[in-house]
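Place chain D on chain Z using the hints.
Sequence lines, in order, name chains Z and D. Once you know that position 31 of the first sequence is 31 in my numbering, the rest is easy, because the numbers rise by one and skip nothing. For my numbering, count along the second sequence from 1 and bump the result up by 42.
Check each hint, because a few of them may be wrong.
DSS-like, lysine-lysine: derived pairs with alpha carbons at most 27 angstroms apart [stated by the list, open to error]:
hint, chain 1, residue 1, chain 2, residue 2
1, Z, Lys28, D, Lys64
2, D, Lys93, Z, Lys28
3, Z, Lys30, D, Lys165
4, Z, Lys16, D, Lys93
5, Z, Lys30, D, Lys93
Pairwise CB distance ranges, derived in the manner of DEER restraints [claimed, not checked]:
hint, chain 1, residue 1, chain 2, residue 2, range
6, D, Asp99, Z, Lys8, 24 to 32 angstroms
7, Z, Thr10, D, Ala130, 37 to 45 angstroms
8, Z, Lys30, D, Lys64, 17 to 25 angstroms
9, D, Gly127, Z, Lys30, 32 to 40 angstroms
10, Z, Glu15, D, Arg102, 16 to 24 angstroms
11, Z, Glu13, D, Ala103, 16 to 24 angstroms
12, D, Lys155, Z, Lys16, 31 to 39 angstroms
13, Z, Thr10, D, Gly170, 32 to 40 angstroms
No wet-lab data here; the hints were simulated from the structure. These figures come from a predicted structure and were not determined experimentally. Beta carbons: idealized from backbone N, C-alpha and C, even for Gly.
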Amino acid sequence: MQAKQEPKVTKKEFEKLSAEIRELVGNKLKSHKDGDAELSLE
Amino acid sequence: MQIVDTVVLLAFLDEGDPRFEKSSAHVQTIGFRQDILVPSATMLELDLELKTHGVEDAARAEIHARLARLIPSSRVLPLTSEVLGRAAELSKIAKWRDSYFDTMIAATGLEYKAEAAITTDRKFANLGLKITF
Chain Z
1 MQAKQEPKVT
11 KKEFEKLSAE
21 IRELVGNKLK
31 SHKDGDAELS
41 LE
Chain D
43 MQIVDTVVLL
53 AFLDEGDPRF
63 EKSSAHVQTI
73 GFRQDILVPS
83 ATMLELDLEL
93 KTHGVEDAAR
103 AEIHARLARL
113 IPSSRVLPLT
123 SEVLGRAAEL
133 SKIAKWRDSY
143 FDTMIAATGL
153 EYKAEAAITT
163 DRKFANLGLK
173 ITF
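Extracted from the complex, chain Z is given alone in its bound form (with noise of 0.2 angstroms):
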């Protein structure tokens, strides 16, 4: 198989696309404790 060419991101691209990952988890990480997700498989 052959390797896919993986454009670099940049400065800008890398706030863009963090902003926007950002408001899609909103405020939802706010209560987080480390264990949490391993917790939710007890």
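Same frame as chain Z, but now just chain D:
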């Protein structure tokens, strides 16, 4: 080579986290440095954190579509049987609660000869990896 722990990605998502600035810088370097890699277990734990905290499926899909640009697949280390076997071995010494993902992330680092884990979790030192942040 260094591997990225889940705490880095979680802090990157939360501007209120005291580790936010440094975590953002670490995430930005992933796309530019070939020696900073993200274990599949880190990605999986992140997704489970999002799901656990109520991020809707559609939003998670959008988040991952964007993360794929920041963390290209060439920077993600696979979760192989060798990694899982090593994680099971590490479980013998990882006696703390919630060590499941820690052992998989550390095992990935050890299998792929990483020198350190980028994390603030000091427990990684007990699993044979240096810690940096």
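The hints, checked one at a time:
1. Between Lys28(Z) and Lys64(D) the CA atoms are separated by roughly 21 angstroms; this keeps the pair inside 27 angstroms, and the hint holds.
2. With a CA separation close to 10 angstroms, the supplied pair Lys93(D) and Lys28(Z) stays within the 27 angstroms bound.
3. With a C-alpha separation of about 23 angstroms, the suggested pair Lys30(Z) and Lys165(D) falls inside the 27 angstroms cut-off, and the hint holds.
4. Of the supplied pair hints, the one linking Lys16(Z) and Lys93(D) holds, its CA atoms being roughly 23 angstroms apart against a limit of 27 angstroms.
5. A C-alpha spacing of about 14 angstroms is found between Lys30(Z) and Lys93(D), which places the hinted pair at or below 27 angstroms, so the restraint holds.
6. A hinted range of 24 to 32 angstroms holds for the C-beta pair Asp99(D) and Lys8(Z), which are about 30 angstroms apart.
7. Our hint of 37 to 45 angstroms for Thr10(Z) and Ala130(D) holds, since their Cβ atoms are close to 42 angstroms apart.
8. At about 19 angstroms, the beta-carbon gap between Lys30(Z) and Lys64(D) stays in the expected band of 17 to 25 angstroms.
9. In this structure the hint that Gly127(D) and Lys30(Z) lie 32 to 40 angstroms apart at CB holds, the actual value being about 37 angstroms.
10. In this structure the hint that Glu15(Z) and Arg102(D) lie 16 to 24 angstroms apart at CB holds, the actual value being about 21 angstroms.
11. Take Glu13(Z) and Ala103(D): their Cβ atoms lie about 20 angstroms apart, and the range 16 to 24 angstroms holds.
12. Distance hint check for Lys155(D) and Lys16(Z): the Cβ-Cβ separation is about 35 angstroms, which falls inside the suggested range of 31 to 39 angstroms.
13. Taking 32 to 40 angstroms as the suggested C-beta distance range, the pair Thr10(Z) and Gly170(D) conforms, at roughly 37 angstroms.
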